[in-house]
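Engineer: What follows is the residue order along each chain.
Number of protein chains: 2
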Amino acid sequence: MIYNFIPDKVSRKPIYIQLYEYIRDEIEGQNIKNGDKLPSIRETSSSLKLSKTTVENSYFQLLTEGYLESIPKKGYYATDLKDYFPRKADQKEIPLLDSTHLQSYEEINYVNDNVHAGSMDFKIWKKLYNNILFYSVDEVYSSGSHQGEYKLRYEVSRFVNSTRGAHTHPDQIVVGAGIQYLIGILAGVLKHSVSTAAIEYPGYEKAKYIFDDYGFKTIDIPVSDNGINILALEKSNADIVYVSPSHQYPTGSLMPIQKRLQLLSWAENRKGYILEDDYDSLIRFESRPVPCLQGLDKNDRVIYLGSFSKILTPALRISYMILPLRLMEDYIKISKKYTQSSSKLEQLTLAQFIGEGHIDKHLRKIKRIYSKKRDLLKNYLESMWGDDIELISADSGLHTVISLRSNCDAQEIVDFFKSKGLHISVIKKHEQHFEISLSYSGIPFDALI
Amino acid sequence: MIYNFIPDKVSRKPIYIQLYEYIRDEIEGQNIKNGDKLPSIRETSSSLKLSKTTVENSYFQLLTEGYLESIPKKGYYATDLKDYFPRKADQKEIPLLDSTHLQSYEEINYVNDNVHAGSMDFKIWKKLYNNILFYSVDEVYSSGSHQGEYKLRYEVSRFVNSTRGAHTHPDQIVVGAGIQYLIGILAGVLKHSVSTAAIEYPGYEKAKYIFDDYGFKTIDIPVSDNGINILALEKSNADIVYVSPSHQYPTGSLMPIQKRLQLLSWAENRKGYILEDDYDSLIRFESRPVPCLQGLDKNDRVIYLGSFSKILTPALRISYMILPLRLMEDYIKISKKYTQSSSKLEQLTLAQFIGEGHIDKHLRKIKRIYSKKRDLLKNYLESMWGDDIELISADSGLHTVISLRSNCDAQEIVDFFKSKGLHISVIKKHEQHFEISLSYSGIPFDALI
Numbered sequence: 000m001i002y003n004f005i006p007d008k009v010s011r012k013p014i015y016i017q018l019y020e021y022i023r024d025e026i027e028g029q030n031i032k033n034g035d036k037l038p039s040i041r042e043t044s045s046s047l048k049l050s051k052t053t054v055e056n057s058y059f060q061l062l063t064e065g066y067l068e069s070i071p072k073k074g075y076y077a078t079d080l081k082d083y084f085p086r087k088a089d090q091k092e093i094p095l096l097d098s099t100h101l102q103s104y105e106e107i108n109y110v111n112d113n114v115h116a117g118s119m120d121f122k123i124w125k126k127l128y129n130n131i132l133f134y135s136v137d138e139v140y141s142s143g144s145h146q147g148e149y150k151l152r153y154e155v156s157r158f159v160n161s162t163r164g165a166h167t168h169p170d171q172i173v174v175g176a177g178i179q180y181l182i183g184i185l186a187g188v189l190k191h192s193v194s195t196a197a198i199e200y201p202g203y204e205k206a207k208y209i210f211d212d213y214g215f216k217t218i219d220i221p222v223s224d225n226g227i228n229i230l231a232l233e234k235s236n237a238d239i240v241y242v243s244p245s246h247q248y249p250t251g252s253l254m255p256i257q258k259r260l261q262l263l264s265w266a267e268n269r270k271g272y273i274l275e276d277d278y279d280s281l282i283r284f285e286s287r288p289v290p291c292l293q294g295l296d297k298n299d300r301v302i303y304l305g306s307f308s309k310i311l312t313p314a315l316r317i318s319y320m321i322l323p324l325r326l327m328e329d330y331i332k333i334s335k336k337y338t339q340s341s342s343k344l345e346q347l348t349l350a351q352f353i354g355e356g357h358i359d360k361h362l363r364k365i366k367r368i369y370s371k372k373r374d375l376l377k378n379y380l381e382s383m384w385g386d387d388i389e390l391i392s393a394d395s396g397l398h399t400v401i402s403l404r405s406n407c408d409a410q411e412i413v414d415f416f417k418s419k420g421l422h423i424s425v426i427k428k429h430e431q432h433f434e435i436s437l438s439y440s441g442i443p444f445d446a447l448i
Numbered sequence: 000m001i002y003n004f005i006p007d008k009v010s011r012k013p014i015y016i017q018l019y020e021y022i023r024d025e026i027e028g029q030n031i032k033n034g035d036k037l038p039s040i041r042e043t044s045s046s047l048k049l050s051k052t053t054v055e056n057s058y059f060q061l062l063t064e065g066y067l068e069s070i071p072k073k074g075y076y077a078t079d080l081k082d083y084f085p086r087k088a089d090q091k092e093i094p095l096l097d098s099t100h101l102q103s104y105e106e107i108n109y110v111n112d113n114v115h116a117g118s119m120d121f122k123i124w125k126k127l128y129n130n131i132l133f134y135s136v137d138e139v140y141s142s143g144s145h146q147g148e149y150k151l152r153y154e155v156s157r158f159v160n161s162t163r164g165a166h167t168h169p170d171q172i173v174v175g176a177g178i179q180y181l182i183g184i185l186a187g188v189l190k191h192s193v194s195t196a197a198i199e200y201p202g203y204e205k206a207k208y209i210f211d212d213y214g215f216k217t218i219d220i221p222v223s224d225n226g227i228n229i230l231a232l233e234k235s236n237a238d239i240v241y242v243s244p245s246h247q248y249p250t251g252s253l254m255p256i257q258k259r260l261q262l263l264s265w266a267e268n269r270k271g272y273i274l275e276d277d278y279d280s281l282i283r284f285e286s287r288p289v290p291c292l293q294g295l296d297k298n299d300r301v302i303y304l305g306s307f308s309k310i311l312t313p314a315l316r317i318s319y320m321i322l323p324l325r326l327m328e329d330y331i332k333i334s335k336k337y338t339q340s341s342s343k344l345e346q347l348t349l350a351q352f353i354g355e356g357h358i359d360k361h362l363r364k365i366k367r368i369y370s371k372k373r374d375l376l377k378n379y380l381e382s383m384w385g386d387d388i389e390l391i392s393a394d395s396g397l398h399t400v401i402s403l404r405s406n407c408d409a410q411e412i413v414d415f416f417k418s419k420g421l422h423i424s425v426i427k428k429h430e431q432h433f434e435i436s437l438s439y440s441g442i443p444f445d446a447l448i
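In order, the protein sequence lines correspond to chains U and Z.
For the first sequence, the residue numbers in numbering that gives the first Met the number 0 are 0 to 448.
For the second sequence, the residue numbers in numbering that gives the first Met the number 0 are 0 to 448.
Bear in mind the hints are in silico, worked out from the structure with no lab data behind them.
Careful, some of the hints might be misleading.
Quick list of in silico lysine-lysine cross-link-like pairs, BS3-like style, CA-CA up to 27 angstroms [unchecked claim]: (1) U:K125 / Z:K360; (2) U:K366 / Z:K234; (3) U:K419 / Z:K335; (4) U:K360 / Z:K8; (5) Z:K336 / U:K428; (6) Z:K125 / U:K335; (7) Z:K371 / U:K336; (8) Z:K360 / U:K8; (9) Z:K427 / U:K427; (10) U:K216 / Z:K332; (11) Z:K205 / U:K332; (12) Z:K216 / U:K332; (13) Z:K125 / U:K126; (14) U:K427 / U:K216; (15) Z:K122 / Z:K366; (16) Z:K360 / U:K12; (17) Z:K205 / U:K216; (18) Z:K12 / U:K309; (19) U:K122 / U:K309; (20) U:K427 / U:K126; (21) U:K122 / U:K364; (22) Z:K332 / U:K51; (23) U:K417 / U:K150; (24) Z:K419 / U:K336; (25) Z:K335 / U:K12; (26) Z:K364 / Z:K428; (27) Z:K216 / Z:K427; (28) U:K258 / Z:K205; (29) U:K216 / U:K371; (30) U:K371 / Z:K366; (31) U:K335 / Z:K8; (32) Z:K335 / U:K417; (33) Z:K234 / Z:K428; (34) U:K417 / Z:K205; (35) U:K205 / Z:K216; (36) Z:K364 / U:K336.
Across the chosen pairs, the derived CB separations fall in these ranges [to be verified]: (37) U:D374 / Z:G214: 23 to 33 angstroms; (38) U:G356 / Z:V136: 18 to 28 angstroms; (39) U:K417 / Z:V136: 38 to 48 angstroms; (40) Z:T217 / U:K417: 42 to 52 angstroms.
Note that beta-carbon positions come from the ideal geometry of N, C-alpha and C, so glycine has one too.
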C-alpha cells in the first residue's frame, strides 16, 4: 500500500514525482485496486513525513492523468484499469531493441555522390545565416510561406531566367525540401486531370516512386543516345512525362533541339505536361548550358524542377518547381494543405547568397574544379584500361558515362569501381555492350593521381 | 541571312553568345530554313570581322543543341524545325504573368501561431551551426542519412525518453521536415497492410490530407472533453487512428488514463496502430507533462510524432517519428526510396543543442514566458468580457480554449479576435454553446497589457 513508499533522497528526481510514480505503478499493478480509497492528503503527509505540498502535487498529477478520481467530500479513489494492465507476471515484455528487425539495415554513403569537399565559401554563408538570426526577428519565429519565402522566389526567378533561359515570375515558383517533395505537391495539383505518368527508363527512380505513391499509373519510356523515345511516348497514353533533357541520368544524353521541339509538340497536342528535371545542367565545361525546355515552351505546358543540391551541397535541402500559369489556380487551391518543408532560415540565407552575386562566383569556381576533376578521371581511367574504355558525355554535369569496348572484361571494370566504394550504374546497350555511369563530383583529387 | 548580324559591343553578353542567339532565332523564325547551308567558319569570321574562335564557339553551341548539323567535308546545315516554330506572326503570346491566375491568392500569416519572438538563444545556435560548417567537412558536402543523422536520432531518443516517458532507441527514429512528410513515409510503410485511417474531428486537418493523398480511406471520429470517442472508433473499421492525446488540437482536451488504456486495447485487439501526435505536450504549467502513449504501450502498436516547431521555432523544419519495432522491417525496405528532407546542417546543430543541455534551459525559459502570457491573456479577456467567457484547458500547450456562456454575443467575440488579426477556431459544442480555440504563443506581451 501507499505507506510502503520510501523516498529516495539522493535522487535528483523530486519526491513528489517519486510518490506519483509509486502510486501510479501500484494502480497499474493492481496493488491498489479499482475503487480503493486512498488516504487523504493530510494522512499521507503525516504517515510518510512528507510536506502537504509534496503529496498534493503527486495527487494532482494522478488526477490530471486520470489514475485517481476525486469525489467531493469523500476523497480520492483509484480508477478501474484492470482490463488494461495485466499483472506484471502475465506481461509479455517487448525487448527494447529486437535486432532481427534491424540487422539487414546499413546505410551506404557513396563518396562519389557528394559535391567537392571545400567548394563552398562558408565564411559568406555563415555571415548571411547569422545576419538572418539576429536581424530578421519577425521572420525567424514564424512559419515559412507555404510556397517558399518571396525573397528566395524572387532571386531564384532572376537566377533561372538568366542562367537557364527560363521565363518565370516569382509567383510561379514553389520551394520545397527536395525534388520528391515537390513532385508530391504537383501530384496533388494534377490528380483530377492526369492519371498516367511516363518516366524515362533508365532514369531517376525516385521521381517514379512519388507518382506511384500518389496512385498514378506509371510507364517506363526507353531513353536512347538523344533522349526519350517520342514514338513510345505517343503510344503510351501518358498525360505527363518526366525527362531530364539537359543531362539525362544515368545515360548522360543531351536531348537535341529537334527532339525538344517534338516533345513540346507532343505536350501541346496531348494537352499534357512535361516535367523537366534540370538538376545539374548548369555545369557544362565546353559549350554553354543548353537552355531549358521551360524557356522554349510557348504553350505553358512545362513544369520545371531545379535544385541547389548539386550546385551548393546536398546537406542543404532547397529545391524549387516552376509551375505553368495554367496550373496556378489549382495550385493555389491546395497550397495551404501542406506546410513548407524547407528551413526558412536557410531559404533566407540562400536568397541573400544569390542576390549578392556569391552564387555566380561559386559557379565559376566549381566549373573549374569539376573540369579539372573530369580531366584527371579521364587520364586515370585511360592509364588503367587504355583503349578498352571510352568516356562519353563528359562535357557536362557531375557524372560521366564510360563505354566499355566489347572485347574487354566488363565485370573486372565494374568490380574495380565497387572495390573503391564508388557508386556506379551499369547500362546495358545491346548484347555484350555495356556502359557505366559514374558520378565523380565527390571523388577527391588525391584519389585520381 | 547571317551577314546581317551586328554585334552589340557595349553589351556584357559575349559576342559569341550574341551570334549564337542571332543564328538560333533566324533558324527558329525560318529565315534560315531546313537544309540551308551556313557559310563556313572562316567565311563568317571574315565577313563579320569576328575572330575565328568567336564564330567557332557560336557554331559549337548550335551543334550541341541540335540547331545545326555538321556534314563532314561539306559544312554546316540548319536542321528542320518548321513544324515546331510557327512564324512569329502566328504565335499566340502568353503574357509573362496573367494575373487572373493569381488574383485570389494571398498568404495570411497569423501572428498568434508564431512562437514567442526573442525566445531562442541564437548566440548558442549560431555558434553550433558555425562549428558544423567549419569542423564537419565530411558531413557538410554529402547527402544526409535517409533516416536522419544518427547524432540527432541519438539525442532525440534520450530527450523523448526522459521528458515524455517514451521507450525508444535511435534506430526507431525517422527524422523529416515536418509531420506531414513523416506521415507520408508512414503511409508508404503501411500501404499494404492498412486501408482505413481514423482521424480526430475536429482535429489537425493536415494529417488527414496526407492519408487522403496516399489513397487511404479516412474517417472522422468525434472528440469530446476527454478525447476521441472510442465506441465510434471501434465501429469505424479503421486500422490506424490519429490522436493528439496530451493536448488535443483544437479542443484542448487531455485524454485521461482510462481512455489511453482503452485506446491501447483497441489497437492490440484490432492489430492496428495509434498515431500519436505529441506536438506541444512538453509545455504544461501546473502539472508535469503527461507521459505519452508510446511509453505506456506494451504491445508495440504506437507510432509517435514529435516536432521542434513549437518548442524552438517553426522556421526550422525538423520533426521526428518513432516507429514500433514491428514496422522497422517494412520501413527499411522503403527507406532508400526517399531522400531526407530536413537540412543536415540544422540537424547536426540541433543534435548539439540537445546534447549540450541548451534545450533544457530553453524549455524552462519558454515555460516561464508562456505561463506569464497565459495569465496576461486570462486577465485581458476577463477585463473585456468578465463572466461571459471562461478559459478552459489553460494548463498546457500554446493554445487555450475559451468557452462562451450561452447568453453572450458569440459573434461579437469572434469578430473581436478576427479584427485583431488573430487566428481562431470556433468549435460548436451544442446548439448555442460555442468554444473558441486561440493560439497565444506568438501574441506579444504588449498586446495583452
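Engineer: U:K216 and U:K371 were given as a pair; does the straight-line alpha-carbon distance stay at or below 27 angstroms?
Structural biologist: With a Cα-Cα distance of about 43 angstroms, the restraint between U:K216 and U:K371 is violated, given a limit of 27 angstroms.
Engineer: Does Z:K205 sit within 27 angstroms of U:K417, going by the straight-line distance between their CA atoms?
Structural biologist: Roughly 43 angstroms between the alpha carbons, so the hint for U:K417 and Z:K205 is violated.
Engineer: Verify the proposed pairing of U:K371 with Z:K366, using a straight-line Cα cut of 27 angstroms.
Structural biologist: This hinted pair is violated, its Cα atoms lying about 55 angstroms apart.
Engineer: Check whether the Cα positions of U:K205 and Z:K216 lie no farther apart than 27 angstroms.
Structural biologist: 25 angstroms, holds
Engineer: Please work out if Z:K364 and U:K336 have their alpha carbons no farther apart than 27 angstroms.
Structural biologist: 32 angstroms, violated
Engineer: Between Z:K332 and U:K51, does the CA-CA distance stay at or below 27 angstroms?
Structural biologist: 55 angstroms, violated
Engineer: Take the C-alpha atoms of U:K427 and U:K126, compute the straight-line distance between them, and say whether it is at most 27 angstroms.
Structural biologist: 48 angstroms, violated
Engineer: Going straight from one Cα to the other, do U:K122 and U:K364 come out at no more than 27 angstroms?
Structural biologist: 15 angstroms, holds
Engineer: For the pair supplied as a hint, Z:K122 and Z:K366, is the alpha-carbon distance within the 27 angstroms limit?
Structural biologist: 20 angstroms, holds
Engineer: Does the alpha-carbon distance linking U:K366 and Z:K234 stay inside the 27 angstroms limit?
Structural biologist: 62 angstroms, violated
Engineer: What's the verdict on Z:K371 and U:K336, does the C-alpha distance respect the 27 angstroms limit or exceed it?
Structural biologist: 32 angstroms, violated
Engineer: Z:K336 and U:K428 were given as a pair; does the straight-line alpha-carbon distance stay at or below 27 angstroms?
Structural biologist: Cα-Cα ~26 angstroms, so holds.
In this structure, the earlier hints numbered 2, 6, 7, 9, 20, 22, 23, 25, 26, 28, 29, 30, 31, 34, 36, 37, 39 are contradicted, and the remaining ones agree with it.
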